[in-house]
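Chemist: From just these sequences and the hints, can you work out the full model?
Taken in order, these protein sequences are the chains called A and B.
At position 179 of the first sequence the residue is numbered 179 (our numbering), and the sequence of numbers has no breaks.
At position 230 of the second sequence the residue is numbered 230 (our numbering), and the sequence of numbers has no breaks.
Derived by calculation from the structure, the hints in this document are not laboratory data.
Small disclaimer: the values here were computed from a predicted structure and weren't measured.
The beta-carbon is built from N, C-alpha and C at its ideal position, and this holds for glycine as well.
Please note that a few of the clues may not be correct.
[Claimed, not checked] According to the in silico footprint, chain A covers these stretches of chain B (three or more CB under 8 Å from chain A):
hint	stretch
1	69-76
2	161-173
3	178-188
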Amino acid sequence: MRTVRAETLKLRRSTAWVVVLLLPVAVAFMACLNTLTSGEPLEDGWHTLWVRVAGFHALFPLALGVALLASLMWRPEHKGGNWNALMGGPTTSGSIVWAKTVTLWLLTLTMQAVLLVLVVAVGRLAFGLDGFLPGQYLVATVVSGIGVLPLVALQSALSLFVRSFAGPVAIALVGAGASVVAQQMAGDLALLSPYSVATRTLHLSSGVFGDAGTLAPGIVTLLVGASLAWLLVINTVGARVLDGRDVRV
Amino acid sequence: MTAIVNEFTKMRGLRLWPLLVAMVLVVFGGTALGIMSDPEFDPGAPGAWNHPLMGAAMALTMFSPLFVAVLASRLVDAEHLANGWLFSATTELPAGRLCRAKVVALGILLVATTGTGYLAVPTLGSLVGIEVPFPLGRWLGYGCCAMVIAVALLALHVLIAARFEDQLVGLGIGVLGLLIAAASQFFPTWAGHLLPWSYYALIIPAGYTADALAELPLSYPSIAALGCVVTALFLAATGRLDRKEL
Chain A
1 MRTVRAETLK
11 LRRSTAWVVV
21 LLLPVAVAFM
31 ACLNTLTSGE
41 PLEDGWHTLW
51 VRVAGFHALF
61 PLALGVALLA
71 SLMWRPEHKG
81 GNWNALMGGP
91 TTSGSIVWAK
101 TVTLWLLTLT
111 MQAVLLVLVV
121 AVGRLAFGLD
131 GFLPGQYLVA
141 TVVSGIGVLP
151 LVALQSALSL
161 FVRSFAGPVA
171 IALVGAGASV
181 VAQQMAGDLA
191 LLSPYSVATR
201 TLHLSSGVFG
211 DAGTLAPGIV
221 TLLVGASLAW
231 LLVINTVGAR
241 VLDGRDVRV
Chain B
1 MTAIVNEFTK
11 MRGLRLWPLL
21 VAMVLVVFGG
31 TALGIMSDPE
41 FDPGAPGAWN
51 HPLMGAAMAL
61 TMFSPLFVAV
71 LASRLVDAEH
81 LANGWLFSAT
91 TELPAGRLCR
101 AKVVALGILL
111 VATTGTGYLA
121 VPTLGSLVGI
131 EVPFPLGRWL
141 GYGCCAMVIA
151 VALLALHVLI
161 AARFEDQLVG
171 LGIGVLGLLI
181 AAASQFFPTW
191 AGHLLPWSYY
201 ALIIPAGYTA
211 DALAELPLSY
221 PSIAALGCVV
231 TALFLAATGR
241 LDRKEL
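Modeler: Here it is, written out as structure tokens:
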């Protein structure tokens, strides 16, 4: 808990909040602008809006946002003598890895919540949709809170071991793109990629990219199970490898 | 010339080759997806080459903006560390000239990488047995236009990375550029001329019209204008950097 608290304190003066707030705004703005400039109404109301905003967000922007946040979070540790201070301190490697993962996860959850609020706001204010977002998409958002765990753990691990700020972001772009292709071709086998798990959970019940269009307990269980399995594997391996690392001279 | 060679030497330590290989694979993957995503793809149909062309175009549109931002960020960041700008200036290489050398060096790398990936269109198209003659002119035309946009974005990102030491700025603009490039396909034509990233929408080689994939015209004059304007602005900006006191 203390390590998580220490990590959240570091966020106070961080530019991570710019990514958390600006990225969902950019995605929602683009989707809104496209719909307005095309002159065509939202054929299926809330469903079409959800697919255009959250469906697109799940393809690339989510992975890139998490990658940027992870790079920002690990950047102070790679500067100056901070890495040696981190490795020389009393905190175990496992604590460091899990604390960073939890903190990054909290930032990602905030980003998802901002996106959800924006979808509702855009739907009501920009397009005058009646009612509220269908319950299945609220469930999909909650499940995606678990579904992003593999992506969060992987990007945190990449930013831990790769000192470059831009490198993990480039890896996220390629990974997300490859996962989209894999989902088209291999269906649920694509869940072997952490990027696909995150994308798939946000596409739940949307009927796009291989989704059946319904919220079946089977697929939800599979996604939650895959998320937790990936999280455990990535963080265990990450902590083990970090244990074997030494200070930098 | 020496400055450009120096930039290639700096790139050796930056381990850019995985990124370059990934870019080639991405274009190949996108081209393959363009062929395989349509269940009614017919290698003997007159418009068969539109499928791999569109796949390659989508891959370049989606990946080039951030790919360029990462390349520029990596190479320029080397100067922000340990007073690289000041050191170069003392060796008769002021900041503006250094930026120009970086754009030339990275531009050569970008064109070579993207060009290699773009060979996926004739390669994969031949492998799946497309029978109609290869549209060499249109393939070259789209390729040249895409390279002009990519190099224009590269120039922009080198200037951004030189101005802002925080890589979040350059990469954040790259991510926003990716969103603009993806979304601009649905913009009206006039809006496609507003931002550099939206020019990708003006050169989409094929699109669905009345449920069939048809050839679309490429906007050569718009791309030529973009190239001229960005070149002029880049030279003006780097000229100013040359005279700026460090």
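Chemist: With reference to the structure, classify each hint as holding or not holding.
Modeler: Each hint tested on the structure:
1. Only residues whose beta carbon comes within less than 8 Å of a beta carbon in chain A count, and the stretch 69-76 of chain B has 4; three or more means the coverage holds.
2. Given as covered by chain A, the stretch 161-173 of chain B passes the check, having 5 residues with a CB less than 8 Å from a CB of that chain where 3 are the minimum.
3. Check on the stretch 178-188 of chain B: 8 of its residues sit with their Cβ under 8 Å from a Cβ of chain A, so the three-residue criterion for coverage holds.
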